[in-house]
Amino acid sequence: MSSVSESSKPVPAKRKLAAKPHLVQDKVFFGVARAAAVGAVGIVGLILAYLLFMSWETLAKQGFNFIFGSQWTAADPENMIFQIGPMLWGSLLIAFNGVILAVPMAIAAAYFIEFLATSRIAKIATTVVDLLAAIPSIVIGLWGVGVFTPVAAHWAELLNQNLGFLPLFKNEAGSFVGSPFIAGWIVAVMIVPIITSVTREIFSQLDRDVINAATALGASRSSTFMKVILPTSSGGIVGGVLLGLGRALGETVAIFFVLNLSFEINWVDVIEGRGGSIASMIVAFFGAATPEEVKALIAAGLVLFVITLLINWLAAVIVAKAQPWRK
Amino acid sequence: MSDLSNAANLSTIEAHLRSEDVNVWFGERHVLRDVSLTFPVNQVTALIGPSGCGKSTFLRTLNRMHELIPSAGFAGRILLDGEDIYEPGVDPTNVRLKIGMVFQKPNPFPTMSIKENVLSGLKLSGRRGYDATEIVETSLRRASIWNEVKDRLGDPATSLSGGQQQRLCIARSLAMNPEVILMDEPCSALDPGSTRRIEETIEELSETMTIVIVTHNMQQAQRVSHQTAFFLAEDGNPGGVVEFGKTEDVFNNPIDLRTNDYVNGHFG
Ligand SMILES: Nc1ncnc2c1ncn2[C@@H]1O[C@H](COP(=O)(O)OP(=O)(O)O)[C@@H](O)[C@H]1O
Ligand SMILES: [Mg+2]
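Chains as they are written, first to last, in this note's numbering: chain A, 1 to 327; chain B, 1 to 268.
Careful, some of the hints might be misleading.
[Claimed, not checked] Using 27 Å as the maximum straight-line C-alpha spacing, the simulated DSSO-like pairs for lysine-lysine come out as follows:
{"no.": "1", "chain 1": "A", "residue 1": "227", "chain 2": "B", "residue 2": "115"}
{"no.": "2", "chain 1": "A", "residue 1": "227", "chain 2": "B", "residue 2": "150"}
{"no.": "3", "chain 1": "B", "residue 1": "105", "chain 2": "B", "residue 2": "115"}
{"no.": "4", "chain 1": "A", "residue 1": "27", "chain 2": "A", "residue 2": "9"}
{"no.": "5", "chain 1": "B", "residue 1": "105", "chain 2": "A", "residue 2": "227"}
{"no.": "6", "chain 1": "A", "residue 1": "61", "chain 2": "A", "residue 2": "227"}
{"no.": "7", "chain 1": "B", "residue 1": "123", "chain 2": "B", "residue 2": "246"}
{"no.": "8", "chain 1": "A", "residue 1": "16", "chain 2": "A", "residue 2": "27"}
{"no.": "9", "chain 1": "B", "residue 1": "150", "chain 2": "B", "residue 2": "115"}
{"no.": "10", "chain 1": "B", "residue 1": "105", "chain 2": "B", "residue 2": "150"}
{"no.": "11", "chain 1": "A", "residue 1": "321", "chain 2": "B", "residue 2": "246"}
{"no.": "12", "chain 1": "B", "residue 1": "98", "chain 2": "A", "residue 2": "227"}
{"no.": "13", "chain 1": "B", "residue 1": "115", "chain 2": "A", "residue 2": "321"}
{"no.": "14", "chain 1": "B", "residue 1": "105", "chain 2": "B", "residue 2": "123"}
{"no.": "15", "chain 1": "B", "residue 1": "98", "chain 2": "B", "residue 2": "123"}
{"no.": "16", "chain 1": "B", "residue 1": "98", "chain 2": "A", "residue 2": "321"}
{"no.": "17", "chain 1": "B", "residue 1": "115", "chain 2": "B", "residue 2": "98"}
{"no.": "18", "chain 1": "A", "residue 1": "321", "chain 2": "A", "residue 2": "227"}
{"no.": "19", "chain 1": "A", "residue 1": "227", "chain 2": "B", "residue 2": "123"}
{"no.": "20", "chain 1": "B", "residue 1": "150", "chain 2": "B", "residue 2": "123"}
Simulated from the structure, these hints should not be mistaken for laboratory data.
The whole structure should be built from the sequences, with the hints applied where relevant.
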């Protein structure tokens, strides 16, 4: 018996295959697509390079205290101190606040649209939610300060009166305006659309047969939701939530309008009338900033950028890990 | 529709599940007309007929899955042990506990392990105080998959082959201890070997439960079923039962010419 590998015939030469575009229009198309892709990556790289270049001096001078300290004085040219601790923490606190408020609303809206509404109502609801995303940030900020702040301050007062024994709902200063709680609501309004639309997309891709299987086993709608729909879509929903979180962290103008910026760090007193936000701080200080201060503000922007990149990367990892059954 | 005289042969056997003049609509469209069938205790009934004639739709009226489609309309009665499951006081989730269902495509819960899938019905319907180990083993044995999975109960259900997944779905249904199992073309997505195993399982199960199976496979209907109903929908008319009787009669001595043509592969 002769085996295939013992054959004495020479291996034929490799032939040319048409894997790469060879028609002229294909080559042009390929070139344009590649240029766009390289360009997008290049722009991000250039932005990062510019930020690093501008931030270098501040970061070197201020050291770790730039991130962890709580002082900002540009008055004395001999001894300028730039530290963004309360702003960085404030950005995170407001973003978490917003996400915690937005997630239940978004999931409920997505569930309603996908599983309860007739197709006509579903279309209307989808349009309304998408419209919410189209409202300019500045308009939400104006609405936030003019209309929503008094309402939310009242809610905060009620929370304080009834749940004030929890550290979370302490309020010593007596002012309920300008708090991370209110800024959190504003952020929630702005990220509900993105989380709703990601969640709706995930729900719509669920295998209806799997949901029918639960029903056929005698499950109620609520237990089907809790034990089948949510676990099956959790990875994708977390991805949507992190996208929302990224947006919440970067939100500038709307928060600038409703938040009372303070360099005294506010750890968890969400209904206390002071807080921080890197993006709002940049807006607030930029106009009157000295050249040194501008560099420090750009460094603050760099920190925000890096955190947002980390969150996006985390989103990708979680989405991939949480749904191993999806290829 | 035509003569149902073969059904007379069955009237002596105790009726377990029975449909009386079932009519179904989707929106304005009338898709099933006057379907009256009797499913006796511990018998396998095959529903055959060309695709689109309403077999799946009829099957879903039997456990009230039909009404989950927003445009669904229904008339007639479904009697389980003499009680109409469409009576206003009846909770559809309770009906589905007594009448289990296996779908065309294997659909285990992808986030759950093999063991969790078997117990999923108990969890989903909020039951308590059961012996999990015992139920898992019994159900998997009854679905003839125990030996293949007993050492890997914690593995994801999606790690099983298609045929194993379908038997797991049968086990999942059996864990609820239903009186009746409905199967909608349970082998149409499976290879011949897996199909054979499922047919053996159906045979064993029919000793203790009533089974209704939709199949487009004529040999399968003859191998597994005691009685057969032939459904047909002609020229835009609603579908209905052309012939219903003992399986050997329907296949070897059909009364209706259309049945004869269908079972001999002349159309459909
Ligand atoms: N969800 C639905 N909405 C509207 N029409 C449907 C729906 N499901 C089935 N039908 C219609 O009902 C008829 C019967 O379908 P079905 O019961 O699936 O047939 P079978 O299982 O015999 O192939 C078909 O004409 C089909 O188009
Ligand atoms: Mg069908």
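### Message
Name the hints, by number, that the structure is in violation of.
### Response
4, 6, 7, 11 and 16
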